[in-house]
Amino acid sequence: MNSKWFSFILGIIITLTLSSFSFFYLRHFDGAKEKSQAIYNFFETLDLRFNDFKYKFKSVAPVKIQQVILVGVDDDSLEEVGRWPWSRVHIAEISERLISYGARSISYDIIFSEPERENKEADQIFANFVDKNQSKIILGSYSENLIHPLPYQDYCVTEAFLANGGTNLVKINPSFIVEAGADQYEELNWRPFFAQFFNAVKKTTFDKYLLENKVKSIEELTDFQRNYLKSISIKNTFDYCHRWLTAEDQYFNLKSEITLNLFKELFAKLKPPNETEVLALINKFKMDSSEEPIPQYGKWSTNIDLIQSKSMYGAAFNTKLDSDGLIRRYPLFYRAGNRLGSSFIPSLALQQYLVSTGYRAEVKIDQVNGVKKITSFIIKDPSHEPEEIVQVLPVDSIGNLMINYYGPRMTLASVSAKELLSKDPQIHVMERVPNDSSDVVIKTDTVLKSDYFKAKSVLFGITAMAVYDLRNTPIDPNYPGPEIHQTVLNNLFNKDYYRRLPHEKMILPLFLLLYGIIFSYVVYRLGAVNSAAILVGSTVMGFVIDYFLFLNKKIIISSIFFFILTFFIFMAMLIYKYLSEERKKTEIRKIFSKYVAPAVVDELLEDNKNLELGGRKENLTAYFSDIRGFTSFSEKMDPQTLTQVLNEYLTPMTEIVFRNKGTLDKYMGDAIMAFFGAPLNYKDHAYRACLSALESQLELSKLNVVFEQKGWPKISIGIGMNTGEMSVGNMGSQIVQNYTVMGDAVNLASRLEGATKEYGVKILISEFTKNDLTTTHADAIVLRYADILRVKGKSKPVEIYEVVARKENFTAWDSLKSYNDAMAQYKNKDFTAARNIFSKLATADSTDGLAALYVERCDEFLLEPPPSDWDGVFNLKTK
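Letter by letter, the sequence shown follows residues 15 to 893 in my numbering.
Among the hints, a few may not be true.
Now the in silico label distances, taken between C-beta atoms and shown as ranges [said to hold, decoys possible]:
hint : residue 1 : residue 2 : range
1    : S809      : D844      : 27 to 33 Å
2    : K697      : Q654      : 42 to 48 Å
3    : E135      : V385      : 49 to 55 Å
4    : M682      : L712      : 18 to 24 Å
5    : Q210      : N508      : 47 to 53 Å
6    : V543      : N508      : 44 to 50 Å
Bear in mind the hints are in silico, worked out from the structure with no lab data behind them. As the structure is a prediction and not an experimental result, all values here were calculated from the model. Cβ atoms here follow ideal geometry from the backbone N, Cα and C, with glycine treated the same way.
When you get a sec, could you build the whole thing from the sequences and use the hints?
Rendered as C-alpha cells:
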C-alpha cells in the first residue's frame with residue numbers, strides 16, 4: 015500500500031477510535047453510576063479542565079437580575095460581634111429585620127445542630143421566629159456520608175433515616191414532587207419490621223460505649239459524650255443497612271424459624287406465604303429492587319428538634335465535588351432511602367427558589383433500558399390555569415445542574431451581617447463590577463435597608479476566611495460556600511445556567527467522524543507546512559465556536575474530543591509521514607551511495623520529488639570509458655596484480671565521476687558505465703560529463719607515472735558520451751535490482767567509446783551532447799569536429815566531436831584553426847589542400863590521431879574519388 019494512503023488510513027483509524035469512545039464516554043459522563051475505568055476518569059478530567067479554561071476569557075459582567083442577596087458573616091462581623099457561632103438571638107434579630115424589610119424568603123447555609131448553652135432561651139426565640147414565618151424560612155441540613163447500598167437495602171436506609179430525625183427534615187412539601195413508579199414492596203409495613211433490629215443496634219452501641227467509659231448509665235455521661243454516643247448510634251444504624259440480608263448480617267439468619275416468621279408476617283399483605291415460599295419471596299424481593307439514580311446519603315446533620323419541627327421547608331446543602339475536587343455541578347435534590355414523599359430532600363437553592371416564586375418542581379424518574387434515570391425536571395407555575403411551565407431544568411440523569419459562575423468571590427451582591435444588627439437605616443452593598451479602565455473592582459453602594467431587601471431572596475451564611483467555608487471552583491480556588499448557593503439561585507432566576515448540547519451523545523460522535531475523515535484527507539493531501547496551517551486554523555475556529563456557545567448560549571460541549579482528534583490525527587500522520595520518509599531516505603541512501611557521491615545523496619534527499627525510484631524517461635548524458643588493449647596485457651598479469659591495477663585505476667576514475675555529480679551505473683571489467691542528470695536532476699549534465707572525461711584523462715597521466723614505477727604497463731582509455739532521452743530507474747529482478755539507464759541513446763554512447771580507437775582520439779561525443787553544451791556552457795569546452803558517421807544498425811548518421819580541453823587550459827588555437835580549415839577543404843572535396851594541412855598537423859603532433867586519419871582518407875579519395883552524391887558519412891562497421 016502506498017505510504018501516503020496508509021497515513022490517511024491511520025487518520026481514519028484514529029477518527030473511528032475517538033468518535034466511538036466519545037459515544038460511550040458521553041453515555042457515562044452524566045454520572046449515572048460510579049466510573050471505575052481509569053480511561054473514563056482521565057478524559058473526564060481533561061474535559062472538565064478544558065471547560066474551566068474558558069473561564070479565563072470570561073469577563074465579569076453585571077448579573078441581569080439580582081434577586082438574591084447574601085448576608086455574610088464576614089471577618090468584620092466576627093471582629094465586631096464576636097467569634098462564631100453567634101447566639102441565635104442575634105440570628106433571630108437579623109432574620110426579623112429582613113422579614114420586616116420585605117424579604118421574600120430566608121435560607122440558612124448553617125445548621126443549628128446543638129442547643130445553645132450560654133442562653134437557654136435563645137433556641138426558643140429563634141424557634142418562635144421560624145414558627146411565625148415558616149412559609150418564608152428554609153432550614154438547611156448536611157451529610158458527608160455518601161452511601162452505596164444494594165438496591166433492596168434502600169428499604170432499610172429509608173427506615174433508618176426516618177427513625178433518626180428524617181421525619182422532621184423531610185416534610186410533605188407541595189412545592190417539590192418526585193414522581194417515580196412505586197413497586198409493591200413500598201406498601202409493606204417496614205417500620206415495625208426494622209424497629210426491633212434498629213433497637214438492637216442501638217442497645218449494642220450504648221452498652222459497648224458505657225462499658226468503654228466505665229459508667230453504668232447514660233446520665234453519668236457528659237453532654238459531649240451523650241451527643242457523640244447519639245452520633246455513633248445513628249451511624250451504626252445506617253452501617254447495619256449495608257449488611258442487611260448479606261453474609262455479614264448478625265441479626266437475620268434465613269435458616270432461623272424466627273427470621274422466616276418475620277418475613278412471613280411482612281409479606282402477608284402481598285400474599286400469605288407458607289414456609290416453603292418465604293425464601294423464594296425473599297430472593298424475588300432482592301431481585302426486583304431497582305437502583306435509584308439519585309446519590310444517597312446516610313447519617314444527616316440536622317437542626318435540633320425544637321427548631322426543625324417549627325419549619326415548613328427542609329433542604330440540604332451537600333456539595334458535589336468532581337473527581338478533581340472542583341465544584342462545577344450542583345445537586346438539586348438528594349436521597350435518603352427510596353420512599354416517595356419521605357426520602358427526597360431538595361437542595362437549599364432549589365427550595366428557596368420555589369418558596370420565593372411560588373413555583374412547583376416536578377421530577378420524573380423512569381426506567382430507561384433497565385436503569386432508573388431522571389427523564390424530566392420541570393418548574394411549573396401553579397397560579398395559572400392551566401399550570402404554566404416556567405422552565406425545564408437541564409439536569410443530568412442524577413439531578414445535577416451545571417453552575418454558571420458569574421465571576422470570582424463577591425461578584426454577586428452581599429452585605430455584612432453586622433450591619434443588620436445596627437439600627438442605621440442604611441446598609442453597604444458590595445459586589446464586584448468592571449470599571450471604565452476594564453479592571454474589575456469591588457464596588458460598595460450605600461442603600462436604604464427597607465428598599466433594598468424588599469422582594470429579595472436572602473441567603474444567610476458564613477463568608478469569613480477564618481471559618482474556612484471555602485470551596486475550590488473553576489473561577490476561584492477560594493470561593494465561599496454560601497456564594498455557590500447564591501450563584502445557583504441567580505442561575506435559576508435568570509435561567510442562565512449551563513447546559514449540555516442537546517442530543518450531544520449522538521451529534522458529537524457523528525461530527526467527530528465526519529470531521530476526522532475530512533481533516534485526515536486534508537493532511538494526507540497537503541505537506542507539513544500547509545497541514546500545520548490547517549491545524550492552527552481548525553483549532554482557532556473550533557475554540558471560537560466553542561467559546562461563543564459557552565459565553566453566549568450557555569452551552570457546554572465535550573469539545574476536548576475535537577481538539578484531541580485534530581492534534582492526534584495531525585501528529586500521527588505527520589510522524590508516520592516522517593518515519594515513512596526516513597525509511598524511504600534510508601533506502602535511497604543505501605541504493606545511491608553505491609552510484610553517486612555522498613554529497614549528491616544528501617542533495618538528492620532534500621527534494622522529495624527526486625526520490626522516485628520507478629522507471630521514467632529523462633534527458634541524460636551517458637558516459638562510457640574503457641581501457642584500450644586491456645585483454646592482451648591482463649593475460650600477462652597474475653590475478654592479484656591485475657586486481658590491484660584495476661582497483662588503483664577505478665578508484666580515482668569513480669571519484670571524478672562522483673565529484674561531477676555523475677552516477678556510477680556499473681563496472682564492466684575494466685570499463686566504467688556512468689550517466690549524468692539523474693537521479694539528481696540538473697541541466698548541465700553534458701558539461702559535467704565532459705569535465706569528468708577531461709579530468710579522467712589528466713588523472714590517467716598521473717597514474718601512468720605510478721604504474722611505470724611499479725613495473726606495470728601504461729594504459730590508455732577511450733571515453734564516449736551521448737546525450738538524449740533514455741529510461742532511468744531501479745531495474746532488475748525481484749531479487750536484485752540496479753539503478754541504471756537503457757535506450758538507444760545509451761547504446762550510441764557505448765559505440766562512440768569504441769569509435770575512439772578508430773579515430774585515434776581519447777574522447778568522443780555526439781552532436782546531441784555538443785548541442786547541450788552549447789545551451790548550458792557555450793564555448794566552455796574546446797571541441798573538434800571528428801566526423802559524421804552511421805553506426806551499425808542505424809540509418810540516420812550522427813556528427814561526432816572530439817573533446818579537446820577546457821577553454822581556459824587550451825593554447826593551440828592556431829592548430830585548431832588549421833584543422834578546421836582542412837576539414838572545410840575535405841568537405842568541399844578538395845582532398846589535396848586538405849591533405850596538405852592534415853599532414854602538417856600530424857607531423858607537428860604525432861598524437862593527433864584525427865589528423866593522421868584524415869591524411870589516409872584524403873589519399874584514398876585522391877586515388878579513388880568519391881561519387882558525386884557523396885555526403886561525407888562514414889559507416890562504422892564495428893559495435
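How the hints compare with the structure:
In this structure, S809 and D844 meet the distance hint of 27 to 33 Å, their C-beta atoms being roughly 29 Å apart. Distance hint check: the CB atoms of K697 and Q654 are about 44 Å apart, consistent with the given range 42 to 48 Å. For the hinted restraint 49 to 55 Å between E135 and V385, the CB-CB distance of approximately 52 Å keeps it satisfied. For M682 and L712, the Cβ-Cβ distance of about 23 Å falls inside the hinted range of 18 to 24 Å, so the restraint holds.
About 52 Å separates the C-beta atoms of Q210 and N508, a value consistent with the hinted range of 47 to 53 Å. Judged by the Cβ atoms, the range 44 to 50 Å given for V543 and N508 holds: they are separated by roughly 47 Å.
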